Amino acid sequence: MMGVLQKEFRVSTRGRTEMIDITGQVQSIVRESGIANGSVTVFCPHTTAAIMINENADPSVVHDVLLALDEIVPRSNPGFRHDEGNSDAHCKSSLVGCSEQVLVKDGGLVLGTWQAIYFCEFDGPRSRRVIVQVQGE
Amino acid sequence: MMGVLQKEFRVSTRGRTEMIDITGQVQSIVRESGIANGSVTVFCPHTTAAIMINENADPSVVHDVLLALDEIVPRSNPGFRHDEGNSDAHCKSSLVGCSEQVLVKDGGLVLGTWQAIYFCEFDGPRSRRVIVQVQGE
Amino acid sequence: MMGVLQKEFRVSTRGRTEMIDITGQVQSIVRESGIANGSVTVFCPHTTAAIMINENADPSVVHDVLLALDEIVPRSNPGFRHDEGNSDAHCKSSLVGCSEQVLVKDGGLVLGTWQAIYFCEFDGPRSRRVIVQVQGE
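Chains as they are written, first to last, in the working numbering: chain A, 1 to 137; chain B, 1 to 137; chain C, 1 to 137.
Each statement offered as a hint is correct.
Below, computed lysine-lysine pairings styled on PhoX-like, alpha-carbon distance capped at 25 Å:
{"#": "1", "chain 1": "C", "residue 1": "K7", "chain 2": "A", "residue 2": "K105"}
{"#": "2", "chain 1": "B", "residue 1": "K7", "chain 2": "C", "residue 2": "K105"}
{"#": "3", "chain 1": "B", "residue 1": "K7", "chain 2": "B", "residue 2": "K105"}
{"#": "4", "chain 1": "A", "residue 1": "K7", "chain 2": "B", "residue 2": "K105"}
{"#": "5", "chain 1": "A", "residue 1": "K105", "chain 2": "A", "residue 2": "K7"}
{"#": "6", "chain 1": "C", "residue 1": "K7", "chain 2": "C", "residue 2": "K105"}
The set of hints was computed from the structure by calculation and includes no laboratory data.
Since this is a predicted model, take the numbers as computed values, not measurements.
Let's have the full structure, built from the sequences with the hints guiding it.
The following block contains the structure:
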């Protein structure tokens with residue numbers, strides 16, 4: 001029988017830009033759902049943050065990804081009009097995307113050996129929400 | 001009981017690059033589906049356009065995101081080979097992505113306070129299609 | 001009756017960066033599933049590769065997209081710390097994204113006339129996995 005479970009949790013970020021591994025929280029919600037086969041959607045309801053899947057092993061990868069994003073979308077741009085001064089964060093959010101879908105098999109997340117699910121803060125520090133929905137059978 | 005409803009609508013774009021808020025049309029299709037809990041996929045069947053979730057309040061954010069994309073992928077590049085002259089639009093489409101998945105709860109879209117769903121035109125003006133599928137129970 | 005089928009296949013890449021059209025393999029798995037209406041998720045379990053939907057007709061588009069990505073994230077960056085020398089590939093994977101969701105109607109993929117599903121290699125050549133899950137009724 002197919003079912004749907006939606007839950008949310010909070011993340012507190014400490015820097016202006018930061019990536020926080022939330023794989024454990026997502027796996028816990030999958031376990032709690034009792035759903036064995038299906039998928040889980042991880043959704044960020046903020047427009048200056050994002051959800052990304054990337055390497056979980058060497059923290060240098062997180063450093064390098066954040067650095068590359070800073071260079072792709074410089075914080076200061078004489079053409080920017082939004083007066084909150086965080087247009088770069090909106091752009092990064094658009095490029096990375098506000099959700100990821102991960103498959104679920106036998107109650108576990110189907111991720112590669114080196115993959116983790118990250119909450120990406122681009123305009124912190126802030127208290128943020130993450131919405132997780134498991135669907136399947 | 002789980003169900004699936006697929007519908008589509010058209011968007012007419014007026015500029016070469018433009019972002020059009022389609023949240024209302026997506027919400028209408030969710031309501032019409034009668035599905036209370038599940039998700040909705042918004043899919044763009046074009047390779048020079050995209051679907052993005054971003055801020056709905058200050059139109060300056062849309063301006064700044066389009067500006068940043070123009071700078072990330074300049075229209076003219078001596079290395080480009082595609083002879084239609086719109087390779088920049090294909091690249092932007094790839095970076096932003098051609099679909100978004102939004103969760104549905106109690107018949108409503110689960111979006112943050114400041115989030116809207118946008119159709120992104122990168123090679124207009126054109127008449128475009130948006131495909132929407134609601135799945136759930 | 002709703003159902004879920006998960007399968008995987010391998011892709012052998014030959015260059016450091018390369019895009020391989022996998023639409024046929026995905027369509028075959030949808031056909032095999034017997035699912036007529038729903039969706040299919042195409043997931044890449046690697047952190048230096050990605051899944052992208054883009055033009056299937058003129059191979060120049062693939063060339064131009066790979067070129068633009070090389071310019072957006074140069075391979076060499078004095079600020080990169082990850083000592084495997086492939087941080088650019090991790091960044092490209094994050095920007096493009098490791099999955100795509102495609103709708104299924106009457107047993108067929110709902111894609112635009114010019115759309116194909118690509119496996120994107122950013123740190124090859126390697127033997128890679130692609131995980132495909134069909135869900136629906």
